[in-house]
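*Asks:* This is what each chain is made of:
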Amino acid sequence: METPHIPVIFYLFAIIALVLFIYNIRKFLAIRIGKSDSDYKIKLIPAALNLIYYGILQRRVFRFKFSFAAVMHFLIGFGFFILLYATAVGTFVSRGWLINFLPHLDTPWFAILNDTGGLMVFIGILMALYRRHFNKPKSLPQDAFKGRGNLFGDTGILLIILFLVIGGYLAEAARLAIQAPDTAQYSWIGYPISKLFSFEFWNTAEQSLWWSHGILSLMAIAIIPNTKIFHTIASTINIALTERDLRGKVKPMFVSKLMEDPDMDPDEISLGSTKLEDFTWKQLLDSIACTECGRCTNVCPAYNTDKPLSPMKIITDMRQELYDKYLNKKEVDGIVGKPITETELWSCTTCGACTEVCPVLINHIPTFTEMRRYLVLSEGKPHPQAADSLEKTMNTGNPWGFSKSERTKWASDAGIELPLMSEKKEAEVLYWVGCAGAYDPRNQKVAKAMVNILEAANVDYAVLGNEESCTGDSARRLGEEYLFETMALQNIETFNKYKFNKIITPCPHCFHTLGNEYGDFEGNYEVQHHSQFIMELIEDGKLKLNKYLDNKITYHDACYLGRHNGEYEAPRNVINSVIKDGKLIEMERNRKNSFCCGAGGGNMWYDIEDGERINSVRFQEAIDTEVDVVATACSFCTIMMDDALKVKGKEDSMQVLDIAELVAKAL
Amino acid sequence: MDILVVLEGANGAIHRISKEAVAAAQALGKDINQKVSVLAFGKDSDNLSKEASGFNVDEVILVEDENLNNYSADAYAETIKQVVEKESPKYVIMGYSYLVRDFFPKVSARLQKPLITDVIGYKADGGKTLFAKQVIHGKLTVDIESKVDGPVLIGFQSAAYSEDNLESGSAEVRTVAVTLDPAQLKTTSEEPFQEESGGVDLTAADKIVSIGRGIGKEENMSLINDLAAVLKAEIGASRPIVDSGWLPNSNQVGSSGQSVTPNLYLALGISGAIQHVVGMKGSKNIVAINRDPDAPIFEVADYGVVGDILEIVPKLTEALKNQ
Amino acid sequence: MKIGVLVKQVAGNESPLRIDSNEQWVDEGSIDFATNESDSYALEEALQIIERSGGEGEVVVISMGPADRTPKIIREALAKGGHRAIHIQEEAPYEIDPFVIASTFAEAVKDESFDLILSGLQSDDLGSGQTGVILGELLGMSTATLVMGVELKDSKLRVKRELESGWFQWVTLPFPACITIQSGLNQPRYPSLKGIMGAKKKEIKSIAKGDINVSSTPMQEFSKLYLHKAEKRTEMIEGSADQIVEKMVDIFKKEIKAI
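Going line by line, the protein sequences match chains A, B and C.
Using our numbering, the final residue of the first sequence is 809, and nothing's skipped along the way.
Using our numbering, the final residue of the second sequence is 952, and nothing's skipped along the way.
Using our numbering, the final residue of the third sequence is 262, and nothing's skipped along the way.
No wet-lab data here; the hints were simulated from the structure.
None of these values were measured; they are calculated from a predicted model.
Positions of the beta carbon are idealized from the N, C-alpha and C atoms, including for glycine.
Among the hints, erroneous ones may be present.
[Stated by the list, open to error] Label-pair restraints from in silico Cβ distances:
hint : chain 1 : residue 1 : chain 2 : residue 2 : range
1    : C       : Lys227    : B       : Lys672    : 22 to 30 Å
2    : B       : Ala833    : A       : Glu754    : 26 to 34 Å
3    : B       : Glu695    : C       : Glu59     : 39 to 47 Å
4    : C       : Lys227    : B       : Leu939    : 40 to 48 Å
[Unchecked claim] Here are the simulated DSS-like pairs of lysine-lysine, each with C-alpha atoms no more than 30 Å apart in a straight line:
hint : chain 1 : residue 1 : chain 2 : residue 2
5    : B       : Lys672    : C       : Lys156
6    : A       : Lys393    : C       : Lys203
7    : C       : Lys204    : A       : Lys399
8    : C       : Lys227    : A       : Lys546
9    : B       : Lys768    : C       : Lys212
10   : C       : Lys260    : B       : Lys679
11   : A       : Lys587    : B       : Lys776
12   : A       : Lys792    : B       : Lys846
13   : A       : Lys551    : B       : Lys664
14   : A       : Lys417    : C       : Lys250
15   : B       : Lys659    : C       : Lys260
16   : B       : Lys861    : C       : Lys250
17   : C       : Lys208    : B       : Lys913
18   : B       : Lys776    : C       : Lys227
19   : B       : Lys659    : C       : Lys257
20   : C       : Lys75     : A       : Lys523
21   : B       : Lys752    : A       : Lys546
22   : A       : Lys590    : B       : Lys672
23   : B       : Lys815    : C       : Lys159
24   : B       : Lys910    : C       : Lys203
25   : A       : Lys790    : B       : Lys752
26   : A       : Lys399    : C       : Lys208
27   : B       : Lys910    : A       : Lys792
28   : B       : Lys913    : A       : Lys551
29   : B       : Lys950    : C       : Lys227
30   : C       : Lys260    : B       : Lys944
31   : C       : Lys75     : B       : Lys776
32   : C       : Lys75     : A       : Lys551
33   : C       : Lys75     : B       : Lys768
34   : B       : Lys757    : C       : Lys204
35   : B       : Lys752    : C       : Lys113
36   : A       : Lys523    : C       : Lys204
37   : C       : Lys5      : A       : Lys523
38   : A       : Lys551    : C       : Lys227
39   : C       : Lys257    : B       : Lys664
40   : A       : Lys792    : B       : Lys757
Here chain A stands alone, though its shape is the one from the complex (with noise of 0.2 Å):
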């Protein structure tokens, strides 16, 4: 059996292929313009691990198992794999390297899988034409031929591989004319092609035939790193560089460190990011590792109520910046006012559900909250309505103004005494009340319950009462980073007067700003948020429920709570054990795939006028479950939720309550 020979000269245009695809892949490079990252460290076990699960895998391209998309993807991916895999085959089979230990051409399982694989790609590629140009999905470019700044657009390079794909079928047909192994008919596809015209017809063809698809490939190749074939490369070196754990967490700036120093010049230093060289290499290779794939933007509880932020508009926007300034030699001064402008940075609710989604890793948040700490700490410009916010938490210690030396009224006033760790010193639990819980008429009734479960199950705990102090979540979403540090040293500095084993709190908010970020200020303490421990206390039998309510139930699950730190089952064991049959019903987007009340990111503060209530929203998603509770477990999401209520005129037949209002019911 012959293997056909391949010419010498075509592998000088090989070589030629391989200098212009290097070339064209020194855009890499552009990330050097971007900071080092002293906190980044790369594991090589869960890189590998990261490389197996999202990118050969490629697990969230399957988030919803069979949709169009998906089915698409895994055509075009895995066809290609295959096709790769034979063409890697047949040139070191042709150059006799090997040949012991890889299949021949026309080996029946391998003449099968190929041509498999060629039909998988082609299908693959029709799909998507039909999905870009008549099913085109809101959020992806509408101009399907210009895309980002890919070459040929979308639409063009899809039908430069279909090209390849198709000649690549006719040049197979013509070796197997030519040649005519026994095991012909197992290119079951090239086979019958073969069999459309004469011997003569290929003969003459062939060789044609064989050149123009392989310098139309290499050709191909040349360009990848310039269409929206780069994704296959960029994003599998993004997926193998990302840490999973550094996921949604905002780097601290250690602005007190900054103020101390007595050379600090404040020109010379940047404040929040605007310019590329104040992003880091990895936030810029997130950019370009940016597959265009929309998934982001059509799970962002903004864009889905007509707010002008696409997340992938942003990350786009930025690798334009960083290709004009790295390829094209342009100034780029800064980029958030323009191309990105400040409402679409205000309107994120830092959910979290564009990261949750995007297939190729992409650490949208801290990128989005940085860009907000140059609009605040440098410009000075919060969004307006924020920024009383802002004042008022610096003024009194909490975003609504409310005096500092009223934070135990709700107490007080319900004649309530509450034991105080200035008094106590010590206890097992410190029981943050948070500022909602102590100001917010709403969450007040929330901050009795737990009191009501914390005195049932004879908790040893305590509160800090009056020595409460906003954590400074809603500042540093909001990018007011000096403030937020203020309020956490501060609050550290209290802590650390007392002596307790764990601090828990109702507001998912609280629970990862004190759990996950006071430790980049030596805070490190153990926190629980409430529905994990009332869900200990349950099973421990410390908490004794007598009465079960029969209402129908459903849970908001709450993105600082869920996405953010993974917890979706406390709350949910929690309500089912209050309930009669034990079982809550479950909304459309439950889980990771929730949706925002769209309080999260400092939106409590303020309003984008644009579009719906993000909570309007999601509060017809509860209506449509037909429950008469709607369970919450977070103060904003309380808030929203029952603002939303109001507004749907379900006051009659529906509530919202805390989980923890629902277990005080059933004690």
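Given chain A's structure and the hints, the job is docking chains B and C onto it.
*Replies:* Okay, now just chains B and C, sitting in the frame of chain A:
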């Protein structure tokens, strides 16, 4: 001269706030046994003095000077100063309007005599008279005492006294001359005008009728419009009303809307959620109607009614019409 | 142009107030302090005036208050863009006579020769609304109050004064001028961290009030500070709908004076 009330004109007649000041002065005069005179000047001084001659006061002083035809802080202040120097009153009283704020302190500076402003009442306590005003975001009241002999300048707060109590009578008009040197009158003014409002400015409103979800259906809004009209109040709303599109954003009161401090805030069917309350807590008088006795609005309200707004509002409108 | 801005640190809106034993002032322990609201607008206007005239000039922040807590708002004003500050240190008991207060300021800044002095129309604590005007008079400056708009016209100042019920009036006055600012004429900027860092190097000149030679003695004094109403208890109006309405009309008329 004992008590001198300086009159302000509005549309050719005596400003309501000046009538309140005269009423206050008459009451004070009775309590401390002093006579009340009034001073009229400015472009409508003729009309003002004629109207004032129907008050129960000792006399009406009329100053006519062409430098007073257009408002000028310097001219007005200088005029009052010269009259005071001629007549030596023990008290000089004005209703403390936005215009009066512009020149009355200048009189205090030029005479080097104390001015007590935004006065809501007085206590005549034997030898000394104390004047009360509200301080610290209007939450506390303080009695202020003058430590010097007169004249003591007093600016009464709008609506502290009612013009209904102004006693009529008859008084003679006496002309007094002042010397105004145009070179010394540094400020000049143009005609007052009303601004085209692009939406309602609730922050300037004196009375607000505010609605929340308790209103029920959009068609019930007409009840609110009627009430607001008869009360001459602006309409405010809590978030859900604006979200439902029944009123534009500019009517929203709350942390995402406007922060208001009217004299009367009538909260109808508003639960009192914190986002709303922070926008109206500063109101001087909060009256709330809500069918839920546990509604948080009752924690900030001065007066509360547990009831059905759809029943009460139409009756209230009717009753107010008959006032 | 050289602009002076008076800023005052006052009790925050939400602070609980406890009258001290002398019945002269409140116990400051439970108070959260903040910059007087209209002063923030005055400061912003001053900064904008400098920016509008090409950035030439300086804004000097002036405040009178205790040594321990006042620097906070002074630094905040410097962080927003004030160039330097003068802090007149006054400890409790605080002066309440506007004439003496204004005289103190006048004496402290007389050598500065400001072209323009801005202050808030009144303080949220004492609320006399006179300090700015008297200061202007003492320094021989022209004055205007309740300013909602500022223009420079033919080397004079043209300001829009607020009157009641949506009426306004433009007033023209020559430099040097001392004007008081009404809230709402601009959007006070947020102090950026960059500004806060820069503020650390800016000069704050501290003068003890006792070192300022003020000839006038107080002409008015607090006699007694008290709570006018009893601690807020909601008065519930009860009865049938008609009875309720009748009582409401009465309250509107007599208590609230709304009709």
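*Asks:* Run every hint past the structure and note whether it holds.
*Replies:* Okay, the hints, checked on the actual structure:
1. Between Lys227 (chain C) and Lys672 (chain B) the beta carbons are some 42 Å apart, a value that contradicts the proposed interval 22 to 30 Å.
2. Distance hint for Ala833 (chain B) and Glu754 (chain A): a CB-CB separation of about 31 Å, consistent with the stated range 26 to 34 Å.
3. At about 41 Å, the CB distance of Glu695 (chain B) to Glu59 (chain C) agrees with the hint of 39 to 47 Å.
4. In this structure the supplied range 40 to 48 Å holds for Lys227 (chain C) paired with Leu939 (chain B), their Cβ-Cβ distance being about 46 Å.
5. For the suggested pair Lys672 (chain B) and Lys156 (chain C), the alpha carbons sit about 27 Å apart, so the restraint of at most 30 Å is met.
6. For the hint pairing Lys393 (chain A) with Lys203 (chain C), the CA-to-CA distance comes to about 25 Å; that is within 30 Å, so the pair holds.
7. A C-alpha spacing of about 17 Å is found between Lys204 (chain C) and Lys399 (chain A), which places the hinted pair at or below 30 Å, so the restraint holds.
8. For the suggested pair Lys227 (chain C) and Lys546 (chain A), the alpha carbons sit about 27 Å apart, so the restraint of at most 30 Å is met.
9. With a C-alpha separation of about 28 Å, the suggested pair Lys768 (chain B) and Lys212 (chain C) falls inside the 30 Å cut-off, and the hint holds.
10. For the given pair, Lys260 (chain C) sits about 28 Å from Lys679 (chain B) by alpha-carbon distance, which is consistent with the 30 Å threshold.
11. Of the supplied pair hints, the one linking Lys587 (chain A) and Lys776 (chain B) is violated, its CA atoms being roughly 53 Å apart against a limit of 30 Å.
12. Taking the CA atoms of Lys792 (chain A) and Lys846 (chain B), the gap is about 13 Å. The hint holds against a cut of 30 Å.
13. Under the criterion of a C-alpha separation no larger than 30 Å, the hint pairing Lys551 (chain A) with Lys664 (chain B) is inconsistent with the structure, at around 52 Å.
14. Restraint check: the Cα-Cα separation between Lys417 (chain A) and Lys250 (chain C) comes to about 65 Å, which exceeds 30 Å; the hinted pair is violated.
15. For the suggested pair Lys659 (chain B) and Lys260 (chain C), the alpha carbons sit about 23 Å apart, so the restraint of at most 30 Å is met.
16. Between the alpha carbons of Lys861 (chain B) and Lys250 (chain C) the distance comes to roughly 19 Å, so the proposed pair stays at or under 30 Å and holds.
17. For the hint pairing Lys208 (chain C) with Lys913 (chain B), the CA-to-CA distance comes to about 40 Å; that exceeds 30 Å, so the pair is violated.
18. In summary, the hint linking Lys776 (chain B) to Lys227 (chain C) is supported, as the alpha carbons are separated by about 14 Å, within the 30 Å threshold.
19. Proximity of Lys659 (chain B) to Lys257 (chain C) is assessed by CA-CA distance (about 22 Å); at most 30 Å being required, the pair is judged to hold.
20. At roughly 21 Å between alpha-carbon atoms, Lys75 (chain C) and Lys523 (chain A) fall within 30 Å of each other, so this suggested pair holds.
21. Taking the CA atoms of Lys752 (chain B) and Lys546 (chain A), the gap is near 36 Å; set against the 30 Å cutoff, the hint is violated.
22. Taking the CA atoms of Lys590 (chain A) and Lys672 (chain B), the gap is about 65 Å. The hint is violated against a cut of 30 Å.
23. Between Lys815 (chain B) and Lys159 (chain C) the CA atoms are separated by roughly 11 Å; this keeps the pair inside 30 Å, and the hint holds.
24. Note on Lys910 (chain B) and Lys203 (chain C): the hinted pairing is violated, with a Cα-Cα distance of about 36 Å set against a maximum of 30 Å.
25. In summary, the hint linking Lys790 (chain A) to Lys752 (chain B) is not supported, as the alpha carbons are separated by about 54 Å, beyond the 30 Å threshold.
26. Only pairs whose Cα atoms come within 30 Å are accepted, and Lys399 (chain A) paired with Lys208 (chain C) is accepted, the gap being roughly 26 Å.
27. For the suggested pair Lys910 (chain B) and Lys792 (chain A), the alpha carbons sit about 27 Å apart, so the restraint of at most 30 Å is met.
28. For the hint pairing Lys913 (chain B) with Lys551 (chain A), the CA-to-CA distance comes to about 23 Å; that is within 30 Å, so the pair holds.
29. For the given pair, Lys950 (chain B) sits about 41 Å from Lys227 (chain C) by alpha-carbon distance, which is inconsistent with the 30 Å threshold.
30. At most 30 Å may separate the alpha-carbon atoms for a hinted pair to count; Lys260 (chain C) and Lys944 (chain B) meet this at roughly 20 Å.
31. Distance hint between Lys75 (chain C) and Lys776 (chain B) is unfulfilled; the C-alpha atoms sit about 34 Å from each other, more than 30 Å.
32. Taken as a hint, the Lys75 (chain C) and Lys551 (chain A) pair is honoured in the structure, with Cα atoms around 28 Å apart against an allowance of 30 Å.
33. Distance hint between Lys75 (chain C) and Lys768 (chain B) is fulfilled; the C-alpha atoms sit about 25 Å from each other, no more than 30 Å.
34. Proximity of Lys757 (chain B) to Lys204 (chain C) is assessed by CA-CA distance (about 52 Å); at most 30 Å being required, the pair is judged violated.
35. With a CA separation close to 39 Å, the supplied pair Lys752 (chain B) and Lys113 (chain C) exceeds the 30 Å bound.
36. Between the alpha carbons of Lys523 (chain A) and Lys204 (chain C) the distance comes to roughly 22 Å, so the proposed pair stays at or under 30 Å and holds.
37. A threshold of 30 Å between alpha carbons decides the hint, and for Lys5 (chain C) with Lys523 (chain A) the separation of about 26 Å falls inside it, so the pair holds.
38. Restraint check for Lys551 (chain A) and Lys227 (chain C): satisfied, since their Cα atoms lie roughly 28 Å apart, inside the 30 Å limit.
39. At most 30 Å may separate the alpha-carbon atoms for a hinted pair to count; Lys257 (chain C) and Lys664 (chain B) meet this at roughly 27 Å.
40. This hinted pair does not check out: Lys792 (chain A) and Lys757 (chain B) have alpha carbons roughly 62 Å apart, beyond 30 Å.
In summary, the structure is inconsistent with hints 1, 11, 13, 14, 17, 21, 22, 24, 25, 29, 31, 34, 35 and 40 from the numbered list given earlier, while agreeing with the others.
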